[in-house]
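Enquirer: Knowing the structure of chain A, use the given hints to seat chain B on it.
There are 2 protein chains.
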Amino acid sequence: MAKSALHLARMSYQPKMPASLRGAVKVVEGAATESVSDREEIAAFFPHTYGLPLVSFLPGSEMKEYPAANVGVILSGGQAPGGHNVIAGLFDEMKALNAESRLFGFLMGPEGLIEHKYRELTAEVIDEYRNTGGFDMIGSGRTKLDKPEQFEAGLEILRELEIKALVIIGGDDSNTNACILAEYYASIGAGIQVIGCPKTIDGDLKNAQIEASFGFDTAAKVYSELIGNIQRDCNSARKYWHFIKLMGRSASHITLECALQTHPNICIISEEVEANNYFLDDVVTYIAETVVRRSEAGMDFGTVLIPEGLIEFLPAMRRLIKELNEFLSQNDAEFKLIKRSAQRVYITNKLSEENAALYRSLPADVAQQLIADRDPHGNVQVSLIATEKLLADMTAQKLAEWTEEGRFHGKFSTLTHFFGYEGRCAMPSNFDADYCYCLGRAAAILIAAGKTGYMASVKNLADPISEWAAGGVPMTMMMNMERRSGKEKPVIRKALVEMEGEPYRALREMRREWALSTEYVYPGPIQFFGPEAVSDSPTITLQLERTGR
Amino acid sequence: MAKSALHLARMSYQPKMPASLRGAVKVVEGAATESVSDREEIAAFFPHTYGLPLVSFLPGSEMKEYPAANVGVILSGGQAPGGHNVIAGLFDEMKALNAESRLFGFLMGPEGLIEHKYRELTAEVIDEYRNTGGFDMIGSGRTKLDKPEQFEAGLEILRELEIKALVIIGGDDSNTNACILAEYYASIGAGIQVIGCPKTIDGDLKNAQIEASFGFDTAAKVYSELIGNIQRDCNSARKYWHFIKLMGRSASHITLECALQTHPNICIISEEVEANNYFLDDVVTYIAETVVRRSEAGMDFGTVLIPEGLIEFLPAMRRLIKELNEFLSQNDAEFKLIKRSAQRVYITNKLSEENAALYRSLPADVAQQLIADRDPHGNVQVSLIATEKLLADMTAQKLAEWTEEGRFHGKFSTLTHFFGYEGRCAMPSNFDADYCYCLGRAAAILIAAGKTGYMASVKNLADPISEWAAGGVPMTMMMNMERRSGKEKPVIRKALVEMEGEPYRALREMRREWALSTEYVYPGPIQFFGPEAVSDSPTITLQLERTGR
Numbered sequence: 001m002a003k004s005a006l007h008l009a010r011m012s013y014q015p016k017m018p019a020s021l022r023g024a025v026k027v028v029e030g031a032a033t034e035s036v037s038d039r040e041e042i043a044a045f046f047p048h049t050y051g052l053p054l055v056s057f058l059p060g061s062e063m064k065e066y067p068a069a070n071v072g073v074i075l076s077g078g079q080a081p082g083g084h085n086v087i088a089g090l091f092d093e094m095k096a097l098n099a100e101s102r103l104f105g106f107l108m109g110p111e112g113l114i115e116h117k118y119r120e121l122t123a124e125v126i127d128e129y130r131n132t133g134g135f136d137m138i139g140s141g142r143t144k145l146d147k148p149e150q151f152e153a154g155l156e157i158l159r160e161l162e163i164k165a166l167v168i169i170g171g172d173d174s175n176t177n178a179c180i181l182a183e184y185y186a187s188i189g190a191g192i193q194v195i196g197c198p199k200t201i202d203g204d205l206k207n208a209q210i211e212a213s214f215g216f217d218t219a220a221k222v223y224s225e226l227i228g229n230i231q232r233d234c235n236s237a238r239k240y241w242h243f244i245k246l247m248g249r250s251a252s253h254i255t256l257e258c259a260l261q262t263h264p265n266i267c268i269i270s271e272e273v274e275a276n277n278y279f280l281d282d283v284v285t286y287i288a289e290t291v292v293r294r295s296e297a298g299m300d301f302g303t304v305l306i307p308e309g310l311i312e313f314l315p316a317m318r319r320l321i322k323e324l325n326e327f328l329s330q331n332d333a334e335f336k337l338i339k340r341s342a343q344r345v346y347i348t349n350k351l352s353e354e355n356a357a358l359y360r361s362l363p364a365d366v367a368q369q370l371i372a373d374r375d376p377h378g379n380v381q382v383s384l385i386a387t388e389k390l391l392a393d394m395t396a397q398k399l400a401e402w403t404e405e406g407r408f409h410g411k412f413s414t415l416t417h418f419f420g421y422e423g424r425c426a427m428p429s430n431f432d433a434d435y436c437y438c439l440g441r442a443a444a445i446l447i448a449a450g451k452t453g454y455m456a457s458v459k460n461l462a463d464p465i466s467e468w469a470a471g472g473v474p475m476t477m478m479m480n481m482e483r484r485s486g487k488e489k490p491v492i493r494k495a496l497v498e499m500e501g502e503p504y505r506a507l508r509e510m511r512r513e514w515a516l517s518t519e520y521v522y523p524g525p526i527q528f529f530g531p532e533a534v535s536d537s538p539t540i541t542l543q544l545e546r547t548g549r
Numbered sequence: 001m002a003k004s005a006l007h008l009a010r011m012s013y014q015p016k017m018p019a020s021l022r023g024a025v026k027v028v029e030g031a032a033t034e035s036v037s038d039r040e041e042i043a044a045f046f047p048h049t050y051g052l053p054l055v056s057f058l059p060g061s062e063m064k065e066y067p068a069a070n071v072g073v074i075l076s077g078g079q080a081p082g083g084h085n086v087i088a089g090l091f092d093e094m095k096a097l098n099a100e101s102r103l104f105g106f107l108m109g110p111e112g113l114i115e116h117k118y119r120e121l122t123a124e125v126i127d128e129y130r131n132t133g134g135f136d137m138i139g140s141g142r143t144k145l146d147k148p149e150q151f152e153a154g155l156e157i158l159r160e161l162e163i164k165a166l167v168i169i170g171g172d173d174s175n176t177n178a179c180i181l182a183e184y185y186a187s188i189g190a191g192i193q194v195i196g197c198p199k200t201i202d203g204d205l206k207n208a209q210i211e212a213s214f215g216f217d218t219a220a221k222v223y224s225e226l227i228g229n230i231q232r233d234c235n236s237a238r239k240y241w242h243f244i245k246l247m248g249r250s251a252s253h254i255t256l257e258c259a260l261q262t263h264p265n266i267c268i269i270s271e272e273v274e275a276n277n278y279f280l281d282d283v284v285t286y287i288a289e290t291v292v293r294r295s296e297a298g299m300d301f302g303t304v305l306i307p308e309g310l311i312e313f314l315p316a317m318r319r320l321i322k323e324l325n326e327f328l329s330q331n332d333a334e335f336k337l338i339k340r341s342a343q344r345v346y347i348t349n350k351l352s353e354e355n356a357a358l359y360r361s362l363p364a365d366v367a368q369q370l371i372a373d374r375d376p377h378g379n380v381q382v383s384l385i386a387t388e389k390l391l392a393d394m395t396a397q398k399l400a401e402w403t404e405e406g407r408f409h410g411k412f413s414t415l416t417h418f419f420g421y422e423g424r425c426a427m428p429s430n431f432d433a434d435y436c437y438c439l440g441r442a443a444a445i446l447i448a449a450g451k452t453g454y455m456a457s458v459k460n461l462a463d464p465i466s467e468w469a470a471g472g473v474p475m476t477m478m479m480n481m482e483r484r485s486g487k488e489k490p491v492i493r494k495a496l497v498e499m500e501g502e503p504y505r506a507l508r509e510m511r512r513e514w515a516l517s518t519e520y521v522y523p524g525p526i527q528f529f530g531p532e533a534v535s536d537s538p539t540i541t542l543q544l545e546r547t548g549r
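Line by line, the protein sequences are chains A and B.
Take 1 as the starting number for the first sequence in the UniProt record's numbering and just add one per residue.
Take 1 as the starting number for the second sequence in the UniProt record's numbering and just add one per residue.
The shape of chain A in the complex, shown without the other chains:
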């Protein structure tokens, strides 16, 4: 395979580690833990894996002998930079503990376990993927691993390969399922340990124990590079408003971090929109008012950052989508007979008065998107809605009205962007390369220590790496009960942007100035070499959250 010069240079990068992960390790157990809430229910769901102690690693005095052990690994869900380094760290630590140990990768996500598709990950394979982006070493997939039949099918291949532990690298849902699997295998005495690893660029898998999910650092930096470049263009051409939507699912962590890195004129935070019960028109008015004020100061240009999940956080839109979903799933056959050009009027007549009014106010293409391209359950696919275009068009509409009323005298031209796939498989930053490698090594140590139902953890991430503290967190500790598909279920709590958190407070303090001045910051591309401040700084979110602790 042809490799770029940087790819070749990165292959020999040796991830940095704290002392506790180099050489002999002492595994120290803390006090028993409790789940973040709903303790009785969670304990009832997880009789074998509830209440386990926190585990931390300290530098040990002597290398212990460990028996050889075969381990399986799965990449689950969306790609995040650094996944390959988790596997490399896992491999290296396994081999350091016993050179006879073997690592197997299940292919294309949990499906590989269920369907017995795997490859052995030898040193040759691992070396080809060190410090690279992507999940292509073994692929990933979105199959939900949550049914006993699947667990049993998996058990067959685990037994065949004499695998004693499974490492599942995934987001909150995948780790919830990893915990359910750990509990299941413990309950039947299968002798298979399950260890999770916190992955997701969305940054929504974090809590008192897990400071960050891996991939967030790199993805946010790639998007910030692009936003910075666009802002420099914006400030040079001085004639466009750029509406930039950013991946990140429900939570606005990515958008918030990018705003802190680049100082855009406007940054929408979904959680704030929901907390204030804003209507779509409130958001549009907020943008339009800033456009007017900048225009009055001679600046008919600017930037707006928009989180991917915004639509679902607008209570009125949520009500509309709910009614659309219900109506369309119940009247699918009839709806399919309606000509495309007549669909909008048809739907409008079927909706309740409030929702019909909102639906009527939407631009044609968004209105169409809301009723087309539904998922197999008949649900609207919110992530496909071009929110950036929706907001740009609605702002233009409002400003046209204000122009007629004499409230706006400027020009308003827009360009829209959506960044997501550009960052999910980027080469991991030094931070993510180091963090992931440490997570992998931690996972191997948890396995050697006989743990199951744990997530590998590395703390003090905003401090120098020498201060990083590795260990394991019982996954039940992060759980609460939530309603999913009409049932109360134990799940790892998703972290949304906190209105009282330091990152959001920093944004709120500065955004008034950002709106009216043009104080753009240009982060530039991720650097792997050069001064440490350039190549090794963690996200601003991590730095601010440390301040807040």
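Honestly, I wouldn't trust all of these hints.
Just so you know, same-sequence chains aren't split out, so a pair can sit in one copy or run between any two.
As a list, the in silico SDA-like pairs of lysine to any residue whose alpha-carbon atoms are at most 20 Å apart [to be verified]: (1) 3 to 519; (2) 95 to 188; (3) 117 to 239; (4) 336 to 369; (5) 239 to 518; (6) 239 to 383.
The set of hints was computed from the structure by calculation and includes no laboratory data.
Expert: This is chain B only, laid out in the frame that chain A set:
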């Protein structure tokens, strides 16, 4: 202004230069030159600036005394990484030749000259912008500077500021106009020199004398970073075809360079489409056939690179657009009365049979785009057409037919991207930072040597910087006669991708393998530090063109 860590680190970067630009310089004149064609006509248009000798700079033995001179500088047209460094190089060399010299920047492009808007560029201003992207130091604009009234309006402010030379940093059109301005000022004995600098990310301002326009290196590397990231995602998720459109106006240089850097499965080159007289359906069939073959090999995923200008290179589309333009500009009043939903049918009935058939075959949104959003002259705005979506949709349509016919059994899901604004204002790569700085210094030396009608030049760009050869090229030398707005005019010849050139040949040799294998290359982000192969390599285009010489 808040600055990122990388921004701060880059401020102290000292661009590299060949020996001939450091210290004393000897200006050597070659033989008289001729234009690339239409010599008599060009000579007649430029009696004072035609036939000038090529100029090259050699290390000199003693520093000459130069009188202080005021100089003006203009950024013209679209942004390109490195513009600020041209100005920094110009400033530093002017000051080295005489510390009393002063530099003035005209604001927002040629308009600043005409409307007498300028700022003095002192060391304080210059230092704030060294090695940064964007044109925000003085802004840029697209006003065409080509009328005697404008030249006279400019002369007023040039005289007022006692400016003896004007440096115009722009693309082929801006430099053509710079030459016309040089000729005009020479013809009236105004005593004002005009020097051009080759700028454009599109890479279409190059010829036997000018090896590359600045900005091409950085922009192509930013886009290649993103394409590489998307390809890694594509190869991990293994379920999408990504259709990626790239800026670059008419020429496909950017797309070609990005393909050479990233090895996509499919790369469309506009010049090839035109040379083979392809129809839109030929391009779609070519894509669809590759999709089928990859699918048969188990790969329902891939990448397609598409040059921004493609539509205009499809002879059939060009005929359609021409008829649309003519019809709509002549029937604007009547057309405006047609309801939007009835426009398509209305237009189809007005077109000739061949064009009506093609128009009818286009997806609804593209058909709509072709008649909406016209420019002030009533012309279709081709650059606004979402070619990436057009090709994705039409390929899907064809594959749906082939599925019915039993010729295709795979899945085909698409995602589309357009990269342009992400790269025009990126921080200049070391190559562009060095090249631009050298161009600026060369411009200052040409001014000191009393030259006018020259473009600053640096050659041997694919060699180590010690081998770079700086000098000046008479702009008339690059000219030929072309039909513009119905008249024969002298213009700098635009360089399209050559079917016999090494870069295109390299693509043609490798693309069959790229189509069926998945041999993606992942260039990663531009590096400013680290091994030279990583931080300082020129584009593959430059390297291959050197081989071809």
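Enquirer: Indicate, hint by hint, whether the structure satisfies it.
Expert: Against the structure, the hints come out as follows:
1. 3 to 519: between (38 Å within a copy, 9 Å between copies)
2. 95 to 188: Answer is neither: 29 Å inside a copy and 82 Å across each miss the 20 Å cutoff.
3. 117 to 239: between (54 Å within a copy, 18 Å between copies)
4. 336 to 369: within (15 Å within a copy, 27 Å between copies)
5. 239 to 518: Intra 13 Å, inter 41 Å, cutoff 20 Å: intra-copy only.
6. 239 to 383: between (29 Å within a copy, 17 Å between copies)
Checked against the numbered hints above, the structure breaks only hint 2 and satisfies the rest.
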